[in-house]
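**Student:** Going line by line, the protein sequences match chains A and B. Using our numbering, you'd call the opening residue of the first sequence number 547 and step up by one each time. Using our numbering, you'd call the opening residue of the second sequence number 15 and step up by one each time.
Derived by calculation from the structure, the hints in this document are not laboratory data. In this text the structure is predicted, and so the values were computed from the model without any measurement. All C-beta atoms in this analysis are idealised placements derived from N, C-alpha and C, irrespective of residue type, glycine included. One or more hints might be untrue.
Stated by the list, open to error - Derived CB-CB ranges, DEER-like:
no., chain 1, residue 1, chain 2, residue 2, range
1, A, T675, B, R46, 55 to 63 Å
2, A, Q636, B, A262, 32 to 40 Å
3, A, V686, B, K248, 22 to 30 Å
4, B, S263, A, F673, 40 to 48 Å
5, B, S263, A, V646, 45 to 53 Å
6, A, W674, B, G234, 27 to 35 Å
7, B, A278, A, P672, 34 to 42 Å
8, B, V31, A, P552, 25 to 33 Å
9, B, H45, A, T675, 56 to 64 Å
10, B, R261, A, W674, 14 to 22 Å
Claimed, not checked - A few chain A residues that face chain B, going by a derived Cβ cut-off under 10 Å, partial list only:
no., residue
11, V577
12, A599
13, D609
14, V615
15, V651
16, L654
17, A655
Residue strings, one per chain:
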Amino acid sequence: MRRAAPIVVAILVAATLQVALAPHMAIAGVVPNVLLLVVLTLALTQGPVAGTAAGFAAGLTLDMLGTSVIGAYALVLAVVGYAVGLFHSQIFAEGWLLPVTAVFVGGLAAEFLYGLVLAVLGAGGPFWTALVRVMLPGAVYNTALALLVYPWLARFLRRERPMTTFRRLA
Amino acid sequence: MKSRQTQTEHASPLLLVILVAVSLAITTVYHREGQDGPLRTVRRGVLAVAAPIAKGGDILTSPFRAVAEWFGGLSVDRAEYEQMRQQNNLLRQSVAELEEARQENERLRGLVGFAEARKLESLGARIIGRPTTPWEGAVTIDRGSEDGLKVGMPVLAEEGLLGQVVQVSSRSARVRLITDQRSGVAAIVQRTRVSGVVRGSLSGDLTLDFVDKKLTPRKGDVVLTSGMGGIYPKGLFVGEVMEVESRASDLFPKVKVRSRVPFARLEEVLVLTGAPPVIESGAGE
């Protein structure tokens with residue numbers, strides 16, 4: 547329960563920021579995905595179980611906040627949370643290059659899978675338009691944001707083995 | 015510690031399989047349930063909770079947006095005016111407030127005039143939330159079922175058609191923009207009276223599809239709602255033809271339409287409450 551508290555807090559805060567702040571940070575229609583950043587950071591710092599559970603919860607929250615199919619983001623973020631979480635033991639969490647790369651690849655995979663799910667459900671758009679207008683710009687934007695927030699978010703979410711420094715990033 | 019971690023990682027695929035199955039079940043229920051189904055009811059609850067948060071965000075970020083616009087409009091050296099700016103700080107603030115009220119008044123007059131000219135029953139609303147993901151084009155407005163809003167009602171801006179109400183909670187509603195990739199508006203070209211469907215896209219561009227090739231529109235032609243389908247009243251301005259591409263091998267010409275509505279900067283809208291709230295396929299989310 548004590549372990550879950552920071553996770554729940556992080557998802558609630560991220561959901562609030564996603565509604566209140568993220569839409570006003572849109573660049574050329576691309577809105578940053580704060581909930582995705584929390585899921586990926588959690589997966590990298592705590593592993594696949596936490597990544598999967600947080601991915602499902604954050605995804606369902608995103609589904610509920612939108613007007614599209616409910617369950618699509620929950621499915622995608624659970625899978626991506628699990629997949630990124632598998633690198634948990636291989637990635638040096640105190641560094642910045644590998645986690646940020648993982649955020650880029652994970653973010654791109656999440657948007658790609660979401661587009662795929664929408665296409666399967668008959669609500670998707672043309673692939674190249676989605677890739678150029680949504681997936682790639684979204685992944686770049688989220689990665690840029692991860693450079694700013696990952697160290698602090700990772701420190702907040704990994705309580706049982708506190709991180710002492712992020713000198714490489716500084 | 016090691017054994018615990020190994021155990022956890024072995025157990026994780028099971029959790030993933032369970033949650034993937036739950037997600038698929040949720041998606042299935044969503045597609046099968048009606049407007050009052052459990053998932054849509056929960057979503058309406060989420061909208062009711064999220065709307066004040068979105069409104070708070072809108073209010074909190076408005077000074078930053080104003081500052082950004084102000085800096086964007088600068089063309090002279092600011093340093094020269096630093097002293098004057100300090101002296102005039104209070105005065106500037108009150109002038110800005112008055113100007114804001116005047117502009118809002120002008121916009122509302124324009125909106126009311128637009129609806130009155132067409133004898134449409136309408137209700138003014140303020141945009142309080144913008145799209146939360148790049149995949150959708152939907153905004154949140156500060157009117158809901160307590161104000162008489164229903165799913166399917168058309169929404170207008172002074173510059174033309176904006177979209178359609180797709181979710182309603184007690185004090186807020188979500189409007190799907192015509193630029194959303196799931197939107198489709200039955201339309202006609204004013205000059206030739208040829209009909210087609212204006213569709214949105216992921217990029218936010220509008221296209222006029224299924225137009226008779228013999229009556230291919232020209233650049234600058236005005237596109238209006240046709241009234242077909244009973245969703246949007248006939249004769250509402252949708253946009254102008256921007257580009258036409260017609261090849262011999264194509265069944266229909268490719269027609270790009272430009273809306274005059276400034277979707278990203280829009281603040282007030284009109285909901286046509288008098289229009290029949292018929293729900294088109296997929297309109298209710």
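**Student:** Each hint: holds or not?
**Tutor:** Structure-based check of each hint:
1. A/T675 x B/R46: 55 to 63 Å: 30 Å, violated
2. A/Q636 x B/A262: 32 to 40 Å: Between A/Q636 and B/A262, where Cβ atoms are some 57 Å apart, the hint is violated.
3. A/V686 x B/K248: 22 to 30 Å: Check failed, 44 Å falls outside 22 to 30 Å.
4. B/S263 x A/F673: 40 to 48 Å: Given range 40 to 48 Å: violated, Cβ gap about 22 Å.
5. B/S263 x A/V646: 45 to 53 Å: Since B/S263 and A/V646 have Cβ atoms about 47 Å apart, the given range 45 to 53 Å holds.
6. A/W674 x B/G234: 27 to 35 Å: 29 Å Cβ-Cβ, so the 27 to 35 Å window holds.
7. B/A278 x A/P672: 34 to 42 Å: 22 Å, violated
8. B/V31 x A/P552: 25 to 33 Å: Distance hint for B/V31, A/P552 holds at roughly 26 Å.
9. B/H45 x A/T675: 56 to 64 Å: 25 Å, violated
10. B/R261 x A/W674: 14 to 22 Å: The hinted range 14 to 22 Å holds for B/R261 and A/W674, with Cβ atoms some 19 Å apart.
11. V577: It holds, given that the least Cβ distance between A/V577 and chain B is near 5 Å, below 10 Å.
12. A599: 7 Å, holds
13. D609: 8 Å, holds
14. V615: 6 Å, holds
15. V651: This interface hint is violated because 18 Å lies over the 10 Å limit.
16. L654: 13 Å, violated
17. A655: 15 Å, violated
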